[in-house]
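Colleague: Sequence:
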Amino acid sequence: MVPSQTELLVDLGLKHSLVGVTKFCVHPKGLKKEKTIIGGTKSFHFDKIDSLKPDLIIGNKEENYKEGIDKLSEKYPVWMSDIYTLEDAFQMMLGIGQVTGTMKKAEVLVQKIRSGLDFVPKRKATAVYLIWYDPLMAAGKNTFIEEMLLRAGFVNMMAKDRYPEFSLAELKALAPEYLLLSSEPYPFKQKHLNEFASLMPQSKILLVDGEMFSWYGSRLLLFKRYLDFFDQ
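Numbering (the numbering used here), first residue to last: 1 to 232.
Heads up, a few of these hints could be off.
[Said to hold, decoys possible] Straight-line C-alpha distance at most 30 Å; calculated DSS-like pairs for lysine-lysine:
| # | residue 1 | residue 2 |
| --- | --- | --- |
| 1 | K23 | K66 |
| 2 | K61 | K48 |
| 3 | K112 | K71 |
| 4 | K29 | K15 |
| 5 | K122 | K53 |
Derived by calculation from the structure, the hints in this document are not laboratory data.
Using the sequences and the hints, build the whole thing.
Modeller: Written as structure tokens, this is what we have:
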């Protein structure tokens with residue numbers, strides 16, 4: 001039920017066991033053509049899920065909606081994660097490894113990710129990371145995104161918890177050195193970069209790959225490589 005965990009399952013060698021994925025499970029490429037689409041992360045097609053008769057459903061408390069998960073829990077075993085930090089992500093990977101009989105692969109994966117994230121960032125700068133345009137919303141405190149921002153050398157200027165809404169005036173008052181426009185969940189484009197560049201000339205405006213900052217599965221292996229490209 002979660003794109004980053006779908007990719008993780010494939011990387012743990014469980015592609016053959018996957019019978020259903022969401023419409024947002026875009027990695028690995030082509031997977032959606034091979035599996036049944038059971039809806040989105042917050043809207044499930046229960047009839048399709050029932051037709052698949054899954055032995056296990058894997059979800060996440062933030063990405064999936066409680067009512068849907070509760071309904072599925074009445075019929076099927078459901079394994080849920082709740083992720084705020086990198087350590088939470090590592091424990092999720094190990095937990096999925098344990099419940100799916102792929103613990104050794106999960107342990108190797110976690111160690112590779114830990115090693116890959118053992119670096120000193122090239123920058124130290126303040127930033128605001130936008131996830132939505134209208135209304136304006138950002139990644140705040142106590143989010144996985146904030147932890148990845150820190151790993152990239154950014155200090156999150158959004159002091160409120162989770163994903164607060166705020167006004168353009170409030171954003172300008174924060175005066176971040178960087179304004180990061182994520183590719184998801186809102187698909188910020190060049191036109192938005194141009195708009196914010198005119199409104200906030202003192203900030204450096206960048207489009208960023210949201211998967212690199214918010215996917216907490218095996219995609220974390222690519223984070224350092226992404227930053228190397230990002231920093232050029």
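Colleague: None of the hints should be skipped; say for each whether it holds.
Modeller: These are the hints, each one checked on the structure:
1. At most 30 Å may separate the alpha-carbon atoms for a hinted pair to count; K23 and K66 meet this at roughly 19 Å.
2. A C-alpha spacing of about 21 Å is found between K61 and K48, which places the hinted pair at or below 30 Å, so the restraint holds.
3. With a CA separation close to 36 Å, the supplied pair K112 and K71 exceeds the 30 Å bound.
4. Of the supplied pair hints, the one linking K29 and K15 holds, its CA atoms being roughly 12 Å apart against a limit of 30 Å.
5. In summary, the hint linking K122 to K53 is not supported, as the alpha carbons are separated by about 49 Å, beyond the 30 Å threshold.
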